[in-house]
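Engineer: For reference, the chains in residue letters:
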Amino acid sequence: GDSVTQMEGPVTLSEEAFLTINCTYTATGYPSLFWYVQYPGEGLQLLLKATKADDKGSNKGFEATYRKETTSFHLEKGSVQVSDSAVYFCALRGGGKLIFGQGTELSVKP
Amino acid sequence: SAVISQKPSRDICQRGTSLTIQCQVDSQVTMMFWYRQQPGQSLTLIATANQGSEATYESGFVIDKFPISRPNLTFSTLTVSNMSPEDSSIYLCSVDSGAANTGELFFGEGSRLTVL
Chain A
2 GDSVTQMEGP VTLSEEAFLT INCTYTATGY PSLFWYVQYP GEGLQLLLKA TKADDKGSNK
62 GFEATYRKET TSFHLEKGSV QVSDSAVYFC ALRGGGKLIF GQGTELSVKP
Chain B
132 SAVISQKPSR DICQRGTSLT IQCQVDSQVT MMFWYRQQPG QSLTLIATAN QGSEATYESG
192 FVIDKFPISR PNLTFSTLTV SNMSPEDSSI YLCSVDSGAA NTGELFFGEG SRLTVL
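Protein chains in written order, with the working numbering: chain A, 2 to 111; chain B, 132 to 247.
Calculated directly from the structure, the hints in this document are not laboratory data.
One thing to keep in mind: the hints can contain errors.
Subject to a maximum C-alpha distance of 25 angstroms in a straight line, what follows is the list of computed BS3-like cross-link-like pairs (lysine-lysine) [as the list claims (entries may be wrong)]:
| # | chain 1 | residue 1 | chain 2 | residue 2 |
| --- | --- | --- | --- | --- |
| 1 | A | Lys61 | A | Lys78 |
| 2 | A | Lys78 | A | Lys57 |
| 3 | A | Lys53 | A | Lys78 |
| 4 | A | Lys110 | A | Lys53 |
| 5 | A | Lys98 | B | Lys196 |
| 6 | B | Lys196 | A | Lys78 |
Incomplete in silico selection of chain A near chain B, CB under 8 angstroms [to be verified]:
| # | residue |
| --- | --- |
| 7 | Leu47 |
| 8 | Phe63 |
| 9 | Gly104 |
By construction, the Cβ of each residue, glycine as well, lies at the ideal position given by its N, Cα and C atoms.
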């Protein structure tokens, strides 16, 4: 079945560092891909999405490109802030279901 | 985007009891989804609920343990039956953005259950 594999955390970075969180997927067909974020004590929010190959999703300085050839959707940000500390989930939607990766906890230190 | 309200937001329950979680959406939606997030874990789909039909459960989840109602297009309930400490989780209701099964889901704030 469809699945999502994320880079394991926790990830600890200093403020203004470059962030990459790896995400690869296995799916039949052409799923839509998402990054969700869960800030401490808050609900799950959509961060960005891409619906077809080579699409780039972006929001709040974060970017991810749908790479069909490598079945990847890595999340990047050029300069992280303390306020980016959260758990990040990669997800795919295929066959109507939204399937999540295991989540990556990011901690940004001042 | 849809606004989703869940009740209760949190509860502490005794082993062997059952608890019903309510999910109210501010617009009519065809499909509603119930997820579980165990402590420190990712989200796992429990079931999909369509109005007017039986819910469809994922592997590992059964109707006797997690009965679901979907009486109309804006409301659903999930019951966690005969609870054990292993059922301590956040339970989340979600709805489709409407983009033909390919779009994002919107999530409620979740219901955090602790079973003693």
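Engineer: Now, for every hint given, state plainly whether the structure supports it.
Structural biologist: Hints, verified against the model:
{"no.": "1", "hint": "A:Lys61 - A:Lys78", "verdict": "holds (9 angstroms)"}
{"no.": "2", "hint": "A:Lys78 - A:Lys57", "verdict": "holds (13 angstroms)"}
{"no.": "3", "hint": "A:Lys53 - A:Lys78", "verdict": "holds (21 angstroms)"}
{"no.": "4", "hint": "A:Lys110 - A:Lys53", "verdict": "violated (35 angstroms)"}
{"no.": "5", "hint": "A:Lys98 - B:Lys196", "verdict": "holds (21 angstroms)"}
{"no.": "6", "hint": "B:Lys196 - A:Lys78", "verdict": "violated (42 angstroms)"}
{"no.": "7", "hint": "Leu47", "verdict": "holds (5 angstroms)"}
{"no.": "8", "hint": "Phe63", "verdict": "violated (15 angstroms)"}
{"no.": "9", "hint": "Gly104", "verdict": "holds (5 angstroms)"}
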